[in-house]
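Chemist: Heads up: the sequence shown begins at 1 in UniProt numbering, then just goes up one per residue.
A portion of the hints provided could be inaccurate.
Unchecked claim - Listed next, the in silico BS3-like pairs over lysine-lysine satisfying Cα-Cα at most 30 Å (straight line):
| id | residue 1 | residue 2 |
| --- | --- | --- |
| 1 | 12 | 41 |
| 2 | 19 | 241 |
| 3 | 241 | 41 |
| 4 | 260 | 238 |
| 5 | 22 | 12 |
| 6 | 19 | 238 |
| 7 | 241 | 14 |
| 8 | 14 | 218 |
| 9 | 12 | 238 |
| 10 | 238 | 22 |
| 11 | 144 | 14 |
| 12 | 170 | 41 |
| 13 | 218 | 144 |
| 14 | 12 | 170 |
| 15 | 241 | 12 |
| 16 | 22 | 41 |
| 17 | 218 | 170 |
| 18 | 12 | 144 |
| 19 | 238 | 41 |
| 20 | 22 | 241 |
| 21 | 41 | 19 |
Since the hints were derived computationally from the structure, they do not count as laboratory data.
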Amino acid sequence: MIGVITGSGLYKLKDLELKEEKTITTPFGEAEVSLGSIDGKDVAFIARHGRNHELLPNMINYRANIFALKETGVCAIIATSVMGVVDRLLGLGRVILFDDLYFPENRLPNGEICTMFTAPGGPERAHYIFSSPFSSYIRGLAAKAAADLNINHLDGGTYGHVNGPRFNSKAEIRSLQSARVTAISQTCGPEAVLSGELEIPYQLIGFGVDYANGVSPKPTPIEVLDSNLSLAATVLPKLIKHTIQSLNLDEIGFDGILYKFE
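Put together the whole structure using the sequences plus the hints.
Modeler: Given below as structure tokens:
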């Protein structure tokens, strides 16, 4: 089964042939998961903000969502997020297929360390080691799908996770630029880390809808932001569908390592 997690502006997948909606109870709370298929491939879908954007980033139960996907048998996750662009040379309205992560705090919104390993002596406890927390296999398929669909995209880039729900100051954005962050949002750092700890390959597909604070001489006009949000809602489902079509579940590999204690 393939997991799909979507963000702002994309609260359902029109290509998903829905079979069942489930509330899954996990050690970290409940998660709402829609089960169905896309072109005959089983899919477990989560709209991370809820159907009507009930949940701000600080309200999302990231551990429950990822644990629930693991429980349903998901062997790979494709996630999307609309982004604030930090790289001033990168145009808006473009898909970004990330290959690196900037998430130095490694904390959940409530301040807890972002990890599935919470019990001392737990048999699954480990250190997650990676060169990239994003799946090179899925990224390659998504890049090919984007090219086939003539979708303007960047293959590679550093995703910066920032805490919400407020947006960032100019000084904070300058510090992210010094770390060579490409684009930011408020949700996907925990997803990438927690997926890795459960050994689920995870690929983030971003879409730049505006420039982060201070990146451009003037703020992105509201009409441009709205236009890019509408474009994202059109482009991202197509890219998800075509990436899933080309996925061979037998070829998906986990890029990281879990250093465990016997």
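Chemist: For each hint, tell me whether it holds in the structure or not.
Modeler: Taking the hints in turn, this is what the structure says about them:
1. 12 / 41: The hint holds at about 17 Å.
2. 19 / 241: 17 Å, holds
3. 241 / 41: 10 Å, holds
4. 260 / 238: 39 Å, violated
5. 22 / 12: 15 Å, holds
6. 19 / 238: 21 Å, holds
7. 241 / 14: The hint holds at about 10 Å.
8. 14 / 218: With a Cα-Cα distance of about 36 Å, the restraint between residue 14 and residue 218 is violated, given a limit of 30 Å.
9. 12 / 238: 13 Å, holds
10. 238 / 22: It holds: about 25 Å lies between the C-alpha atoms, which stays within 30 Å.
11. 144 / 14: Satisfied, since the Cα-Cα distance of roughly 22 Å is no more than 30 Å.
12. 170 / 41: 44 Å, violated
13. 218 / 144: Roughly 34 Å separates the two Cα atoms, so the pair is violated.
14. 12 / 170: Violated - the C-alpha atoms of residue 170 and residue 12 are around 33 Å apart, more than 30 Å.
15. 241 / 12: 13 Å, holds
16. 22 / 41: Satisfied, since the Cα-Cα distance of roughly 18 Å is no more than 30 Å.
17. 218 / 170: Status holds; Cα separation ~12 Å.
18. 12 / 144: Status holds; Cα separation ~24 Å.
19. 238 / 41: Holds - the C-alpha atoms of residue 41 and residue 238 are around 15 Å apart, at most 30 Å.
20. 22 / 241: 22 Å, holds
21. 41 / 19: With Cα atoms ~12 Å apart, residue 41 and residue 19 stay inside 30 Å; holds.
Checked against the numbered hints above, the structure violates hints 4, 8, 12, 13, 14; every other hint is satisfied.
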